[in-house]
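Engineer: Order-wise, the sequence lines are chains A and B. Position 59 (the first sequence) corresponds to 1358 in the working numbering; numbering is contiguous. Position 296 (the second sequence) corresponds to 317 in the working numbering; numbering is contiguous.
Read the hints as simulated data drawn from the structure, not as lab findings.
Some chain A residues flagged as far from chain B (calculated, every beta-carbon gap over 12 Å):
#, residue
1, Ser-1366
2, Arg-1368
3, Arg-1369
4, Glu-1431
5, Glu-1432
6, Gly-1435
7, Ala-1436
The calculated lysine to any residue pairs, modelled on SDA-like cross-linking and capped at a C-alpha distance of 20 Å, are:
#, chain 1, residue 1, chain 2, residue 2
8, A, Lys-1448, B, Ser-144
9, A, Lys-1371, A, Glu-1397
10, B, Lys-140, A, Arg-1375
11, B, Lys-310, B, Asp-244
12, B, Lys-212, A, Gln-1382
13, B, Lys-79, B, Ser-58
Don't be surprised by glycine CBs; every beta carbon is placed ideally from N, CA and C.
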Amino acid sequence: MTTVTDFPLSGEPATSGHGLLTDAAPQSGTVVFNSGSTTLPDLDDTQQSVKLGTARKGDRNILRSHSTRRTKRRLRGFLIELQNPESKNSQARVAFVEDGEMILYDLPAEQLVRAEITEPNQPFQMDEVEIEEEDGAIVFGYRFKALAKPSEAYMETLQIDEERKQKRDLIFREFANSQD
Amino acid sequence: MKNANKKETSSSENSQTLKIDFYESGIGDTTIVTFPSGGIAIVDAHPSQHDHRPDIRKIAEGRTIHFVCLTHPHADHGADLIPLLEEHPAVGEFWSTLHDVPSLLYGIQEMRNFPSPVKEFASQLNHVWANFFLDLLGAVAKRKIPRHLLRSDQRKKTIDGVDIHCIAPDESIQNSYFDSYRQSLKDSNRKFPDPNSLSAVLVLRFGESVVLLGADALRKNWDSAVINYRGRNLPNAHVLKVPHHGAKNTFNFGHNAQTYLDLCLPNKQSKAVLFAGDSKHPAVDVYSKVCEYSELYCLSNGTRRQVGDSNPLRIGILGAQAVRTVPTCNPAVSFELDRNGNVNVLSGRNCEACPLAELHGTTS
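The whole structure should be built from the sequences, with the hints applied where relevant.
Structural biologist: What follows is the structure, encoded as structure tokens:
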């Protein structure tokens, strides 16, 4: 059984402590939350039924309901940089890779950091998860997962073209001595 | 001066003024200094995606370039220095803070990557940086352009009656950067240091007029730069290039902390110029501080309404937005300074007169 205590209260307005929706959120007719939870259980692409924890304000007793959740889509990308990581409003610049193209995005860094996605070039996947509760309410959330740990980093030697190899060798010769 | 072309075609020839042109440059910076006798210096250059800025070759055509300065090794400050260094017939010197080029050169070919299906894309981005660095320094090396290392303990240089001081980085910061960089090459778990810490902060003094060019200098750079500025008995600046696109990590909000604004004339007597062609910049609180203190002119400002789809992937996370083109506030901001501390605005309008600022409520 999974307990998801920081998941938002089912059926409450989306602004109740979990932030406002963006204009990209699904349209009316659904109850939408922007939890960004990283504590959701691992999900695969198939529909599965899991227990979802819900909580009312001021009530830490967890009410359980039978819910169905699906991974609506999965995006992959990598971190470019964290900006102001010491700040609570830290942002992350990431590159999502879609259809062979990179699309650069700025995201709140909190969810990435919680998923231990902290290193430049570190790959991750972001699942958009839809949860349908017993009463028909639909909740959306995002789940980040590092595709490699920071400790898995390796040094890659970039392959540069012939012209730039010549430039490199020339620079080495010209700049070999300190400029001081 | 090597390769110096004595013919000057500038309209400011012998004008006995110092002219500073800041051009909208997309995510980057372009600053052109025109000295009293018409020769120029280029302090960083990056193209504009809006094509507001003339081709950098056109700007420099027929004019002596006393120096080309890369304030720090980031492509958004140096991409458009490459054609000048490769082709311009009269580049006097190349200025930078890069005192250990061989280490950097080794490092740019080595990137820290991770096993994943997207690793090729991470490599692609790093290739862009590697190519920038090789093309830029390759041109300096090929043409044997004299190099000048910038550091705060260097004496001022004087060109055409304009004193040019470097007040950052300190030698200790420069050494610390390169030590850390070398360590990172050996240890894949160690983070690479921030190249912004290598930012050269230049002060141009022409008589009583002072221009402060803040590059992308960070808070720790400013801590020492303020001391260095005072130590050189420089009068407060009339014109400021706001550092690092107005980012928060340049500004010390602590009580009694000294910041770059303390080096400028107070009560809106100074003019600040902001390059913020990126949706993350400026930080709103930094923007407010600069607006309170000085008369601010933005080339672009990422807090304004932006162009294009803000969320093409339809990600429903508050604050998620695609990196987009930022609209132009001013295609160019130009000032002319005389020896007596008088500043004439040749082009550009400040935030108080900017309809974009009013519309989006980001004026002070």
